Amino acid sequence: MTEKYYDVAVIGGGPAGLAAAVSACEHGAAKVLVIERDKVVGGILNQCIHNGFGLHYFKEELTGPEYAGRFAEMVRNTAAEVVTGTMVLGIDTPESGPVIRCVSREDGYREYRAGAVVLCMGCRERTRGAIAIPGDRPSGVMTAGTAQRYVNMEGYMIGRRIVILGSGDIGLIMARRMTLEGAKVLACVELCPYSNGLNRNIVQCLEDYGIPLYLSHTVTGVHGRGRLERVTVSRVDDKRRPVEGTAFDIECDTLLLSVGLIPENEITRDAGIEIDRRTNGPTVYENMMTTRPGVFACGNVVHVHDLVDFVTAESMRAGAAAAEYAAGKRVSGRVIKLVNGEGVNYTVPQMIRPDNAGKVTEVFFRTNIPRKKSVIRVMSGDTQIASFRREYMAPGEMEKIPLPRVLLDRAGDTVTVSVEPAGEAADRA
Amino acid sequence: MYDVLIIGCGVTGAAAAYSLARYDLKVGIVERFNDVACGATKANSAIMHAGYDPHPGTKMASLNRLGIKAAKKICKKLDVEYRPLQSLVLAFSEKDMEAVRELYARGKKNSADVRILDRKGVLAAEPAASPDCVGALHSRDSAIINPWEFALAMAEVAVINGADLLLEHKVTGIRRGRGKLTVVTDRGELETRFVVNAAGAFAEDISAMAGDTSVKSLPRAGQYYVLDKEEGKKVNSVIFRCPDENGFKGVLVAPTVHGNLLVGPDAEPRADADDLSTDRESLDRIMKSGLSSVPSVNFRNIIREYTGVRPTTSEKDFVIGVSRSCRRMINLAGICSPGLSSAPAIGDEAVRLLGKQGLVLKRRRGFIDERPPVVRLAELDDEEKRRVIEENPLYGNIICRCETVSEGEIVDALRRPIVPRSIDAIKRRCRAGMGRCQGGFCSPRVHEIISRELGVPMEDVMLDKQGSFIITGRTGAEEN
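Protein chains in written order, with the working numbering: chain P, 128 to 556; chain B, 2 to 481.
Worth flagging that the hints you see were computed from the coordinates, not collected in a lab. In this text, all values refer to a predicted model and were calculated from it rather than measured experimentally. Even for Gly, the Cβ is constructed at its ideal location relative to N, Cα and C. Hints are supplied without guarantee of correctness; some may be wrong.
Claimed, not checked - Not the full set, but computed from the structure, chain P residues with beta-carbon under 7 Å of chain B: (1) Ser231; (2) Tyr236; (3) Glu252; (4) Gly256; (5) Gly262; (6) Val278; (7) Met284; (8) Arg288; (9) Thr306; (10) Leu307; (11) Lys311; (12) Ala538; (13) Asp540.
Said to hold, decoys possible - Here are the computed lysine-lysine pairs in the DSS-like style, where the Cα-Cα straight-line distance is at most 30 Å: (14) Lys499(P) to Lys186(P); (15) Lys366(P) to Lys289(B); (16) Lys230(B) to Lys166(P); (17) Lys527(P) to Lys456(P); (18) Lys60(B) to Lys289(B); (19) Lys121(B) to Lys235(B).
Said to hold, decoys possible - Which residues of chain B face chain P? A few of them, derived with a C-beta cut under 10 Å, are: (20) Arg102; (21) Glu103; (22) Arg281; (23) Ser293; (24) Arg305; (25) Glu306; (26) Val389; (27) Pro394; (28) Met459; (29) Asp461; (30) Gly468; (31) Ile471; (32) Thr473.
Here chain P stands alone, though its shape is the one from the complex (with noise of 0.2 Å):
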């Protein structure tokens, strides 16, 4: 069989696989692959039709696809080769480097070679099986992304009066677009006290339409043999549990869920490497390294984040690190791990190698509850080695803060980051 040698291939040509095989390129790496299971590059972003992208990286406002679209003109203007429809089944990383095994209409069964592979698999919606919504199995329950495919790259309507359960974005997002089309959207619930989308997404997507939005409400039943008639909806008590006597149907004809994403690993998985249970995505260092040396990851399939700007800047520090390993360059010394305290879901990277991090290390985390003027404190045992104030923080939002390498220098092999209210506590930092 041929292989063909890639110095770095890109799994995945949505933003992340774009921005890291961009920076591959940048970083010195001769021959670059990004593989593509669907038929064109840019991943979800084709679908996001409405603007808000890119404000943080191009300074301006964009749609998903012109997003997508300048990524994938800059990697065109690269050295970098693109396939796609072409489906990654597994990758293999014995002692003489990765292989990529894949299939593609065009090319067969094919295994390809790299001296670095980067994960850029993207994530995938809950679905209402996962969450074990009770009732009837009828059509027009669907994932809020599947239907936004229907919507805007098929052009179908999926429906008419809709509820949608889950007030992340891509539910908001969804309750405008039907909306606009003509359809009428009869409620958002949601089962946290508070939303887990962005702010804006709020008020542009809800309350410009004056959708009412159901906060500490779930659909407890689905009725309809055929089609979906109508949901049942009750409030929930703190502890999450639907509170008897609340419960009120609404006569609809769909039900979108948008009630959260979970990274893709299971190429990740099969292969060995680390998964962190609070991400679902594979442990990182600080220049995105899997536990498996010379298997990157970025975007989604390490973390779910809330701007795909973010996406893109990970996606590129990832990219320039694979062209460094297949270039040869290994990384030793002494190896941080970073600890979740109070208040903190989880955090990325979870290892700092302070030799590699450069003059900052930035680490996105997301906070559990919304919170008002807070402290993140960042701990090497009982000594603060930083501490960050924040008027407001949401789990809708990702958190950043940098670590300058003189702090982490300092610090033990354990590190803590944490968040409290801001008050008298706070006077100590």
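Chain B: place on chain P using the hints.
Chain B in isolation, oriented as in the chain P frame:
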């Protein structure tokens, strides 16, 4: 005029059609849904029972033993997914051990492979079993199967041998005439010399249409969880618990032939057998029960829940025999567990009864006992993958990423003797949409392929049964 008209194309009707296919007869099958295997056949535990459970001397006992032997051969011959797998009936108390000993005695009388294991033996045979167990009944005669493919394969052979499969035909009445029966459907009348009533939970209604009101359906619903393949890897056996005081086998934990994990069912009376709803209380109970058998199951990895309605009757045994009021009708009623295991033997039994009623059974010349081969890309090794994609590049175009199902497999399914017309019908044949994303990514693409291959508008492609439409029109169209 048909020689035999089978009412219902679940596994029982399909098995009867398959048994009849080897005789020179004109056979019809009427099915009210838009596909075969849409009732209890698609929503059960997918187990071939070893045969220790039924009481000796019952039809269940004899047909179960005969059925699993025949099923094993049929699955091999017709390439149906089937995997022998040991089974355990866990005991958690001395009282449970009494039940195990009783099952052991029954198993011996039924000539099933059985033995009793102590706690150590159980944990050696199945390390995932709860360490709280005190022992178990163990059998090597059980298996797991793809139940809808089993029914489909038998129905396909029947169709290949000339049987008419009339989908979306709901039987509304039966008239008895001289030397024939007229079966009235919502799409016209059909004449036949004999009828086989394989209407599952609705066998009572069909029986009554011919004047026999002795069949009393008492359907029982059972709910299940399906879990991700991560969980399916955790067990290497079908794990039952001791029957409770009501005689139910209890919640089982078992892998599926596709590598997922099933946890369920409970057993609750359900007056309306078409009510396939799930409910929170039952699902919570099932989760608890499953965890007590296999504590390591991670219910964060559930991907689906479903309800199956067992076609139980007032009898404790299968109700198989000539209708009391109409000698031209054979009732195959009350085919609840172990109905799937018994199906091939029930089909043969139907043929025997029809013969006794005067149906002339002449061997069909040129009987074709095979069906078109099935390519399952995910199961091929790399070299075979290379070869099939070279022959047909559509096998290289992956549509369902979770289960690695290609466009080629979907197109194959659409060109088979029994044409799938819905997204779920494709799912039952190729697994597209059966994985962890539950069709989130692939269903719009499967939708498009069905529309393209069958030449039907997108709007007319259903998710599952009739009426389960997915799209309501084009965007941008004015509503009037």
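Checked hints:
Contact between Ser231(P) and chain B, as hinted, is supported at the beta carbon level, the nearest pair being about 5 Å apart and thus within 7 Å. Contact between Tyr236(P) and chain B, as hinted, is supported at the beta carbon level, the nearest pair being about 4 Å apart and thus within 7 Å. A cut of 7 Å between beta carbons decides the hint on Glu252(P): the least distance to chain B is about 5 Å, and the hint holds. This hint holds: Gly256(P) has a C-beta 4 Å from the nearest C-beta of chain B, less than the 7 Å allowed.
Interface hint at Gly262(P): satisfied, since its Cβ lies 5 Å from the closest Cβ of chain B, which is below the 7 Å cut-off. A distance limit of 7 Å between C-beta atoms decides the matter here; for Val278(P) the minimum to chain B is near 6 Å, and the interface restraint holds. Because the beta carbon of Met284(P) sits about 5 Å from the nearest beta carbon in chain B, less than 7 Å, this interface hint is met. With 7 Å as the threshold, the beta carbon of Arg288(P) stays out of range of chain B, its nearest partner Cβ sitting at about 10 Å, so the hint is violated.
Checking Thr306(P) against chain B by beta carbon gives a least distance of about 13 Å; that is not within 7 Å, so the hint is violated. The interface hint given for Leu307(P) is violated, since its Cβ lies 10 Å from the closest Cβ of chain B, which is over the 7 Å cut-off. Taken as an interface hint, Lys311(P) does not check out: its beta carbon lies about 11 Å from the nearest beta carbon of chain B, beyond 7 Å. The criterion of a C-beta within 7 Å of any C-beta in chain B is not met by Ala538(P), whose closest approach is roughly 33 Å, and the hint is violated.
At about 30 Å, the closest approach between the beta carbon of Asp540(P) and any beta carbon in chain B exceeds 7 Å, and the interface hint on this residue is violated. Our distance criterion of 30 Å between C-alpha atoms is met by Lys499(P) and Lys186(P), whose separation comes to about 28 Å. Proposed proximity of Lys366(P) and Lys289(B) is supported: the alpha carbons are some 19 Å apart, at most 30 Å. Under the criterion of a C-alpha separation no larger than 30 Å, the hint pairing Lys230(B) with Lys166(P) is consistent with the structure, at around 28 Å.
Using a Cα cut-off of 30 Å, the hinted pair Lys527(P) and Lys456(P) holds, with the two alpha carbons roughly 27 Å apart. Between the alpha carbons of Lys60(B) and Lys289(B) the distance comes to roughly 34 Å, so the proposed pair goes past 30 Å and is violated. Straight-line distance between C-alpha atoms of Lys121(B) and Lys235(B) comes to about 18 Å, which keeps the hinted pair within the 30 Å bound. Residue-level restraint check for Arg102(B) is violated (minimum Cβ-Cβ distance to chain P is 37 Å; threshold 10 Å).
Evaluation of the Glu103(B) hint against chain P yields a violated restraint, the C-beta minimum of about 35 Å exceeding 10 Å. Look at Arg281(B): its Cβ gets to within about 5 Å of chain P, closer than 10 Å, so that hint holds up. Evaluation of the Ser293(B) hint against chain P yields a violated restraint, the C-beta minimum of about 19 Å exceeding 10 Å. The restraint placing Arg305(B) at the interface with chain P holds, with a minimum CB-CB distance near 4 Å, inside the 10 Å limit.
Interface restraint check: Glu306(B) against chain P, minimum CB-CB distance 5 Å, threshold 10 Å, status holds. A hinted interface residue such as Val389(B) counts as satisfied when its beta carbon comes closer than 10 Å to some beta carbon of chain P; here the least separation is about 9 Å, so the hint holds. Because the closest C-beta pair between Pro394(B) and chain P is about 5 Å apart, less than 10 Å, the hint holds. The criterion of a C-beta within 10 Å of any C-beta in chain P is met by Met459(B), whose closest approach is roughly 6 Å, and the hint holds.
For Asp461(B), the interface hint is violated, since its Cβ never comes within 10 Å of a Cβ in chain P; the closest pair sits about 12 Å apart. The interface hint given for Gly468(B) is met, as the beta carbon of that residue sits about 2 Å from the closest beta carbon of chain P, less than 10 Å. With its C-beta approaching chain P no nearer than about 5 Å, Ile471(B) sits inside the 10 Å limit, and its interface hint holds. For Thr473(B), the interface hint holds, the least distance from its beta-carbon to any beta-carbon of chain P being 5 Å, beneath 10 Å.
Of the numbered hints given earlier, the model fails hints 8, 9, 10, 11, 12, 13, 18, 20, 21, 23, 29; all others are met.
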